[in-house]
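Now for the letters of each chain:
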Amino acid sequence: MTVEPAIRDALLAAVPSLRAFAISLIGDAHRADDLVQDTIMRAWANLDRFERGTNLNAWLFTILRNLFHSEYRKRRREVEDPEGSYAGRLRTMPEQGAHLDFEDMRKALGKLPLDQREALLLVGAEGLSYEDAAEICGVAVGTIKSRVNRARTRLAQLLGLKDVEDFGPDRVTKAALLND
Amino acid sequence: MLPDDEDDQRMPRTDCVVVPLRARGSTSPALDRAAQGRIGEQLRAMYGALTEAPIPERLLALLDRLEASGTGAGDDR
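These protein sequence lines are chains A and B, in that order. To convert, count from 1 in the first sequence and add 25; that's the working numbering. To convert, count from 1 in the second sequence and add 20; that's the working numbering.
Hints were generated in silico from the structure; no laboratory data involved. For every residue, glycine included, the Cβ atom is placed at its ideal position computed from N, Cα and C. Some clues are possibly wrong.
[Said to hold, decoys possible] To give an idea of the chain B side of the interface with chain A (calculated C-beta under 8 Å), a few residues:
no., residue
1, I59
2, T71
3, R78
[As the list claims (entries may be wrong)] Simulated restraints on C-beta separations:
no., chain 1, residue 1, chain 2, residue 2, range
4, B, G57, A, N91, 28 to 36 Å
5, A, G78, B, G57, 29 to 37 Å
6, B, G60, A, A35, 25 to 33 Å
7, B, R78, A, N80, 42 to 50 Å
8, B, G57, A, T168, 19 to 27 Å
9, B, A65, A, A38, 36 to 44 Å
10, B, T71, A, E29, 22 to 30 Å
11, A, H55, B, A88, 22 to 30 Å
12, A, S95, B, R78, 33 to 41 Å
Bound conformation, chain A alone (with noise of 0.2 Å):
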């Protein structure tokens, strides 16, 4: 079948946020973008099986994800690859002076459980709904939101509750404000 060109243009939108999600997930650029490189593929040599209309990125970030757990992630133990170390491998991200504020966000995400990173990430960073990240990870609604909130819980733990211990007036004030 001929692609319409819409739909190319559609696919050059999404790679911005599957590479974010990639990198945010796997957290070495240069293997994120080669899982990008294979959704896309699979995508094109698919795109009959996309239903015009519905939701592209939520079909892309479920190629995306079904690659990962079927591929990257064997060849990712092959490599042995305990997982202290994906902070490290996060340094090969790329533009990292820009990025050396996140350090400490991106450490911590490296040591969420995976399916408590991929939730976080489709609904806390990425804004998909509960109902398409569960789609997207073939689990039940309520078993995303568990997992979203025990990777907030887990994630305050890791970075919140020593900024939570050194309150100053600010902290304060905001507890103050979101109290009301």
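Chain B: place on chain A using the hints.
Okay, now just chain B, sitting in the frame of chain A:
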């Protein structure tokens, strides 16, 4: 040791006022919400910065190649 013992004796018997509650901090829902809010912001900021990064040449080239092939499902290999 002695001064400690003295202190202990002077301590009022309010065992139920658990000091670690304050130290832990996380027991305050408001602070939890504030922390959660900031964590969410940080996460989105990190993610947003990644989405703004330029698309690598090889991905652009791939899309061009696919488009040039002019075909999608089925015909593709």
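Against the structure, the hints:
1. A least Cβ separation of about 5 Å between B/I59 and chain A falls short of the 8 Å threshold, and the interface hint therefore holds.
2. Against a cut-off of 8 Å between C-beta atoms, the interface hint on B/T71 holds, since the closest Cβ of chain A lies about 4 Å away.
3. At about 7 Å, the closest approach between the beta carbon of B/R78 and any beta carbon in chain A falls short of 8 Å, and the interface hint on this residue holds.
4. Checked against the given bound of 28 to 36 Å, the beta carbons of B/G57 and A/N91, roughly 33 Å apart, stay inside it.
5. A hinted range of 29 to 37 Å holds for the C-beta pair A/G78 and B/G57, which are about 35 Å apart.
6. For B/G60 and A/A35, the hinted distance range of 25 to 33 Å is satisfied, since their beta carbons lie about 28 Å from each other.
7. Checking the proposed 42 to 50 Å range against B/R78 and A/N80 shows it is violated: the Cβ atoms sit about 26 Å from each other.
8. Look at B/G57 against A/T168: about 24 Å separates their beta carbons, and that is inside 19 to 27 Å.
9. At roughly 21 Å, the beta carbons of B/A65 and A/A38 sit outside the given window of 36 to 44 Å.
10. With their beta carbons about 25 Å apart, B/T71 and A/E29 fall inside the hinted range of 22 to 30 Å.
11. Checked against the hint of 22 to 30 Å, the pair A/H55 and B/A88 passes, with Cβ atoms roughly 25 Å apart.
12. Range check, A/S95 to B/R78: Cβ separation about 22 Å, and the 33 to 41 Å hint is violated.
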